[in-house]
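**Q** Following the hints, complete the assembly by docking chain B onto the known chain A.
The residues making up each chain are set out below.
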Amino acid sequence: MSPQLTLQTPLQIPPQEIPGYLKSLWSNDLSENNGANTFCLLVWQPAWIEQKLVTNGRINGPILGNERSELIDEARKIVLEKNLPHSTPPLAKEVFTSIPASKSPNKEDDLRGQHIDSAISQLQPRRLITLAPSLEKGKELETLVAAYCPLPEEGGGNSACGDVIVLKGDIDSLKKGLCIVENLIPEDLPSWLWWNGNLDEEPELLNQLAIPTRRVVIDSALGEPSRCLDVLQQRIKSGQAVNDLNWLRLRTWRQTLAMVFDPPNRRSSLSKIVNLDIDIEGDHIVQGLLLASWIADKLGWRLVNEFSKDGHSLNTKFKRPDNEIVNFHLMTLPVGKPSIHPGQIIGMRLICKSEKESQDGLCVILGSESGECMRLEAGGMASMDLLEELVPIQNNPVETDVALLLESSRGSTSPLLSNAAPIAAQLLNLIESENR
Amino acid sequence: MIMTTNPLRIGLRQERVISPQCLVIFGASGDLTHRKLIPALFELFKQRRLPSEFAILGCARRPWTDKEFREKMSKSLTEEIRINPNDWKEFTTRLFYEPINLDHPEDTFKLKTRLEEIDKLKATHANRTFYLSVSPKFYASGCKALSEAGLLKDPKRSRIVIEKPFGRDYRSAQKLNRIVQNCALESQVYRIDHYLGKETVQNILVLRFANTIFEPIWNRNYISNVQITSAETVGVEDRAGYYESSGALRDMVQNHLTQMLAITTMEPPGHFDPEAIRNEKSKVLQAAHLANELEPWKCCVRGQYSQGGTKSNPLKGYREEVGVNPNSTTETYVAMKLFINNWRWQGVPFYIRTGKRLAKRTSEVVLTFREAPVHLFDAAGGTPTSNQLILRIQPDEGAEFKFEVKSPGSGMRSRPVEMEFSYDESFGEPSDEGYVRLLADAMLGDPTLFTRSDEVEAAWRLYTPLLEMIEDSPWQLPTYQYESRTWGPSEADQLLAKDQLLWRRP
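In order, the protein sequence lines correspond to chains A and B.
The numbering of the first sequence is the numbering used here, which starts it at 1 and goes up by one.
The numbering of the second sequence is the numbering used here, which starts it at 1 and goes up by one.
In isolation and in its complexed conformation, chain A is listed as follows:
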């Protein structure tokens, strides 16, 4: 699905005049139409790497703020050129810092916030507000406004259903302009903040935008693992509705594993697990920890205060409800062409031992479509019942994942994530305390 443009060219209007303009837009031009009764989406969209690559002339403008293939391909080239580890995801912070600033930057249009992906426009947002920080120091605040209507085939009709507001400028001017944002958010509709950037950056701004009543979308694969899990934990504890794209990307792993144990005759094996191995791409361990934590929570395992590191393998233990030990190995594997999302899972193995010596155990191996699980297949499971499943890759554009959250969120954090996040944080503490 290709992104859609607003139907009218966005008008540049001084910030203080926006509320008045919107009022007149809806009351005069579009009489008897108050817009869609849906939600307001506020997006933090820095697109730092894209800005740098466009101003350097390494990719063509305009700046769009999405993950287009040209951007990803060029970023991968930079990983190789700058001798970064091959496992470095193309949109990682290291890639950004290794791109030199341009001495004579290309002037290209910046259309962030004006391209609305059809996955989102189908949901007919009432208002989309995009904060588009610029790399250009000293850039003054610029505000753009347009009425917006999804195309009929995307569920829209002839009448306008929402509007688009874009705030552009350097960080300082954006921060100064923030005072108008809260006034622009309709009080009677659910509002969302999509933090489409690294969680390490601008923590104060994140706090300012993610007010407690607002539903938040973050990506716990972007940022230092401890910061990512801190943000998740704090927000969940405060009762805020948190939606994590990294957790969402785990859904095929959770679904496939659950599917393996759907037949009632396999369920008893769940209480006999002795080993859990998870392989991830690179060294961003949050997704691996979240998957292990979800399993631990569902099966009533408690974390044992033991940790060891063996090469790429991070080893800890859980205790089952019957006090037997489950060994958990999280393997951080270097890969040649990593996903754009750091730390994606590429394989997992569960070993269930039968209590009776005479009976075979069960070994469940799930492998990502993109990888192979020869490593997990090794290790003397020949005598066991072997169940292997392929987990479909989720190559959704991030906007599709966000749309999925927007249409399926219940206004509270998923209980599965609420329960898994604290266990993941404990695991990370254990790993980091031993690593220090």
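Careful, some of the hints might be misleading.
With a cut-off of at most 30 Å between alpha-carbon atoms, the simulated DSS-like pairs for lysine-lysine come out as follows [to be verified]:
1) K316(B) <-> K23(A)
2) K75(B) <-> K110(B)
3) K337(B) <-> K164(B)
4) K164(B) <-> K112(B)
5) K75(B) <-> K237(A)
6) K89(B) <-> K112(B)
7) K23(A) <-> K107(A)
8) K337(A) <-> K309(A)
9) K237(A) <-> K89(B)
10) K112(B) <-> K23(A)
11) K153(B) <-> K23(A)
12) K337(A) <-> K77(A)
13) K112(B) <-> K156(B)
14) K122(B) <-> K23(A)
15) K164(B) <-> K316(B)
16) K46(B) <-> K23(A)
17) K46(B) <-> K237(A)
What the hints contain is simulated information worked out from the structure, not anything from laboratory work.
**A** Positioned in the frame of chain A, the structure of chain B alone reads:
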């Protein structure tokens, strides 16, 4: 240790969330509300599929208060409430009641005021789904009353759900459609058929269109005949009043069985879109006709259950049931033969049967494939058994494929075996009641599993020759008596015997 549920499955569903709204149930004092609708809504609540800004407003003529309504609604949910007392407590804060008589225009304005109050209280944003769980004679007046009160004005915020039966015949359905469409847009109207809410009926679509192996052989070149059965073991129970005027043809065939027929025979839609699917269903129903429209008695058999059972457990005949006319000719069983005049199905007979007090409770679609052109091997049963694909709708939901294999031993004799898929064995957990799915879909504004006006009319048109004959010259389509807990009258067996076929004994 045997786990009754799969712990990894709990909470995994990621489904669209219903937008803030108020569901208004007319006929809230009736059986359907406390037996089906409220349990289904409570299930949605437990599954966290209802938004926090949600309310249910029960409306009926009885002068109940909110409190009384909440108490009455708990009566079909005693066990559920015992297990989930806090959920029920929370759920009941969303239950309201307003005494309403749809015949009194002033009551609909009273309703409007109450809805505005609920909007403020529960932030339901004037999004409303009106559910007509009332006697069919009130469908037209109910729609008119809602329309006149301006409650259906906004097509994006209001929709109306109408229970079956939608009309009594083609003309009355057409008339009702006109009235309803004068009150609301077709996109606002959700005609419910709870069979379409069944997981296994929906699975027919997935089985056909998500696999490549079935569709190439799903046609007249490979399929010799199709049988669709919906058999009940129960009698008329406490529905005699309704059943006397409807009979099996109106109660089961025109809606549930015809929907199963449409889903089994429709062409693949271009995409999974409500209108694309309903277009295909409507097209195939328009191509369907009775095997002999001029002499319907040659392709249709009606029956009525008589006494039966055992000495210790005798069963009454239909005419002895409370509320039934002792000389009633209402059919409790009907079997018929249809054809579909299109490229895919030309010449393939479809045999449909339904009945009460039959030998076994079952609903299934059986596709029998053509015989192998040459019989190379001796068959254990004399001739090789034709391949059969059996789609079990209920109970023991699943599918079964029958085919021939070599019988062990010397020689090359073949015998039939079965390959089976069972929902229970594969998923181990019961699927949601049809109403759970359909209520959620209606509130989400997804009409895929609801019947469109042209589908309803096409379904009635299909049976018009029969309905007219039953009305005008019922002696030509007599109701043959059959003993309770048997497979219907022997005349129904003869219907197939003429084609050298037998009904499948499930």
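**Q** For every hint, state whether the structure bears it out.
**A** Structure-based check of all given hints:
no.: 1; hint: K316(B) <-> K23(A); in the structure: violated (72 Å)
no.: 2; hint: K75(B) <-> K110(B); in the structure: holds (28 Å)
no.: 3; hint: K337(B) <-> K164(B); in the structure: holds (24 Å)
no.: 4; hint: K164(B) <-> K112(B); in the structure: holds (26 Å)
no.: 5; hint: K75(B) <-> K237(A); in the structure: violated (38 Å)
no.: 6; hint: K89(B) <-> K112(B); in the structure: holds (27 Å)
no.: 7; hint: K23(A) <-> K107(A); in the structure: violated (34 Å)
no.: 8; hint: K337(A) <-> K309(A); in the structure: holds (25 Å)
no.: 9; hint: K237(A) <-> K89(B); in the structure: holds (25 Å)
no.: 10; hint: K112(B) <-> K23(A); in the structure: holds (29 Å)
no.: 11; hint: K153(B) <-> K23(A); in the structure: holds (25 Å)
no.: 12; hint: K337(A) <-> K77(A); in the structure: holds (11 Å)
no.: 13; hint: K112(B) <-> K156(B); in the structure: holds (17 Å)
no.: 14; hint: K122(B) <-> K23(A); in the structure: holds (27 Å)
no.: 15; hint: K164(B) <-> K316(B); in the structure: holds (28 Å)
no.: 16; hint: K46(B) <-> K23(A); in the structure: violated (41 Å)
no.: 17; hint: K46(B) <-> K237(A); in the structure: holds (22 Å)
The structure fails to meet hints 1, 5, 7 and 16 from the earlier list, while all remaining hints are met.
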